[in-house]
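Assemble chain B onto chain A, guided by the hints.
Listed below, chain by chain, are the residues.
2 protein chains.
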Amino acid sequence: MALERGRSAQRAPIHEQLEQALREGIRSGRLPAGSRLPSSRSLAARLQVSRGVVSEAYGQLAAEGYLTKRQGAPVRVSPAMRSAEQHAPAQSLAPSHAYDLRPSLPDLAGFPRDRWLRSLRAALRESPISAIGYPDPRGTPQLREALGDYLARARGAATDPERILICTGFTQGLSLLCRAFAAQGISAIALEEPGWHAHRLIVEQCGLKVLPIAVDREGIDVDELARSDASVAIVTPSHQFPTGVTLSPRRRAALIEWAQAADGLIIEDDYDGELRFEGGAIGALQGLAPERVVYAGSASKRLAPGMRLGWLLAPSWTSWSLSVAKAVEDAGSETIGQLALADFIARGELDRHLRRMRSVYQRRRAALLGALRRLMPAAKPTGSPCGLFEPVSLPGGVDEHALLAAAAAEGLGLEGLALHRFHDREPAHPGLVLGYGALSEPAIERAIHLMAETFAHLDVRETGGRLARR
Amino acid sequence: MALERGRSAQRAPIHEQLEQALREGIRSGRLPAGSRLPSSRSLAARLQVSRGVVSEAYGQLAAEGYLTKRQGAPVRVSPAMRSAEQHAPAQSLAPSHAYDLRPSLPDLAGFPRDRWLRSLRAALRESPISAIGYPDPRGTPQLREALGDYLARARGAATDPERILICTGFTQGLSLLCRAFAAQGISAIALEEPGWHAHRLIVEQCGLKVLPIAVDREGIDVDELARSDASVAIVTPSHQFPTGVTLSPRRRAALIEWAQAADGLIIEDDYDGELRFEGGAIGALQGLAPERVVYAGSASKRLAPGMRLGWLLAPSWTSWSLSVAKAVEDAGSETIGQLALADFIARGELDRHLRRMRSVYQRRRAALLGALRRLMPAAKPTGSPCGLFEPVSLPGGVDEHALLAAAAAEGLGLEGLALHRFHDREPAHPGLVLGYGALSEPAIERAIHLMAETFAHLDVRETGGRLARR
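As you go down the protein sequences, you meet chains A and B in turn. Counting in the working numbering, the first sequence runs from 1 upward without gaps. Counting in the working numbering, the second sequence runs from 1 upward without gaps.
Pulled out of the complex, with its shape left as it was, chain A reads as follows (with noise of 0.2 angstroms):
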């Protein structure tokens, strides 16, 4: 057992690396259950260490129910230690691959860990002690603060912090709407189809119906829309998910009209609006109509889903009810990180971080784009230059579960886009939504490589010669 004498700030006092030495020699069965620890005073003459030091260490790891101490009998490893090596050790469920083009993930090795680390010492050195305490439930009043400048300046939102809800990521905050709107009498929501699977998720765990309108190169189809019963829709007016089309100038006027004359409710995700490549951002569409539109947003494309921080700025008529929701359902989110958030959007980083990742996904995009016509030419792109994923369509007949399945079996991640679509599950247009946000220039062209060579050989093995369809 060594352990290390010396005045550092990193280095624990010698007691505290004794309990844990003898912690992690019970714990991986070093040190069975039941067995005999050597008394205080002959630990203490084998470490050099003084008497006191293995008598701490011999009381906390007591207390702790490692060890049993009883007066005069000797120290041994509690006999309770047994059950805890039973078990295999702990799995997580989220699935792995060596090559994964999907496209969920923002690239997370540039997630600036040093600020945000910085953000969050100031966020526990410098904040008053109450702020560990019960939170306000809708966020902190420094996130609410710094979040509506935020967003009014970079998404042209009309914001005020009494009105911002923070929640467990964008998701929590959909949640939370869809149960205020099932508690309303709301029975159906209008999804964008295609759109992204976990709306239609979230919708139906809440007891609601989904009402699927179809997406074209203007983005939603407003006319559909209007003659559907809805009167909430959720949509993503900046970047179409999947279709990557942006929501035409007419078609942002003529769905704050429905919105008007239905007397419906918008509900905006904006999920990557600040990561455009090429001209300006546009600005959010709640910004155009505030009584109309729930503006919704999160850290998880723009630094880091793992962080689950997420934004609702909603109607004033409806804040309040939602905050209230909140509070009953989990009290609030963590404050620390809501903390440091704020102090990280009011040094600038958060400006920062995504001006530079713009550059980053614009040559991400650019390698795909360009590995896609060298090697796998059939796959067409067809979407936007922004954010961090480009559908792309195959041809007619290509069975995309197939080119999943076998792509998979040779540990590359693929996301179709059969997944989001509501109707049509065997789709007369197949496709893929690639997701470059998270791989580096070569990984993308080997991806694509892999991809190119999946491809290939499902179609030879399928149907010899022919396109793959089962």
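Think of the hints as simulated: they come from the structure by calculation, not from any bench. All values derive from a computational prediction rather than experimental measurement. Honestly, I wouldn't trust all of these hints.
[What the hints assert, rightly or not] Reference excerpt, derived from the structure (chain A facing chain B, CB under 8 angstroms, subset only): (1) E19; (2) K69; (3) A73; (4) R113; (5) G169; (6) E329.
Heads up, the beta-carbon is just placed ideally off N, CA and C, and yes, glycines get one too.
Okay, now just chain B, sitting in the frame of chain A:
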């Protein structure tokens, strides 16, 4: 404008300092919307920095929308900045009192900030980058593993990391459970009466009815529970809130028999099980019947409620559906705090903190009881030597609500027993639930002094000498 030069790692680069100074000037209105800025050449000369520094700062602030910059024209503060100044600063909903004897808070000043920061740093620096991607919705494997080990050891729970679900506090855990019950056709849940008022709010928000079951000096009345229609009961066996009683061994056995006979489920809210000052800890009920009990705990009383970290340990037959519900509800909880807590537990810091807190809280409880005896003997303590609160009974006829209102007017936060009663809103047995966790011993003394004065004054004012009752 003072820019600091230097090599310190803490100091930001010059261009960032300049950006920050300009941002603050614009936000505060010192640089009003539309106003003209000096050319980069003249500002660089004035600040004695290179022109590139100023150009970089101007470029960043233009990208952020603070400045407008056109070829050949002077740089100006964006006209859009006007709107950002219109709203009042963000408010907090959390009430604040000069002295707060409400029972919800642990000792926030004793939160081990530096040790938590060390664990946050370890989480950010030592985890693979995938740790900040989309999480396993059940929680990170590292935290489920560490908690599995901890709960077996410290609470005698029958643990399996695959059946642990990390939630946004206990509160979200109960929300998820209640919605799962509602989906299974369960319409009502048994709660302790009196019992924590938030249990009731959460159950009702999920559309379930509350069946209040009496609590006596042995804990929940299991005979009354058996006569009810309930198949699910929420209990606080280690330390009943708000009466402070511990479920007797006889009742523990009867409760488990009930669950087996009624094909029922027990939700064990173990909010402060480790905080017993005398004798050993009382093991979790869950350890006795893991397929009939959902164990629920959180960091709120153990560390700080602002962390919003809670955990369910669910029977095998229900853990999967809970995990799916959590995945759709919010896609999983924030990961950096989870990884930090796993590190914190593995280093023995949680045990060490709880051991320290036990003696702090024991001294604070003694101070509270002593001050009551000396200053307000009419208030009779009825609790147990554990946790963060002491229930006290008041003489019959005292108007609890009037006392609370009068105390709040004096800057003293109090919580009455009536809040935690389902029936009997005009209680025959008035009382208070006094929290001593967050106050130093001198502050407890002063708060009880203020309470006694308020009480005496209320007494006279309201009834001319008799005990107050409106």
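Taking the hints in turn, this is what the structure says about them:
1. E19: Holds, about 5 angstroms.
2. K69: A/K69 check fails; min Cβ-Cβ to chain B is 13 angstroms, beyond 8 angstroms.
3. A73: Since chain B brings no Cβ nearer than about 17 angstroms to A/A73, farther than 8 angstroms, the hint is violated.
4. R113: Holds, because the Cβ-Cβ distance from A/R113 to chain B comes to roughly 5 angstroms (cut-off 8 angstroms).
5. G169: This hint holds: A/G169 lies near chain B, its Cβ roughly 6 angstroms from the closest one there, short of 8 angstroms.
6. E329: OK, holds: A/E329 within 8 angstroms of chain B, min 5 angstroms.
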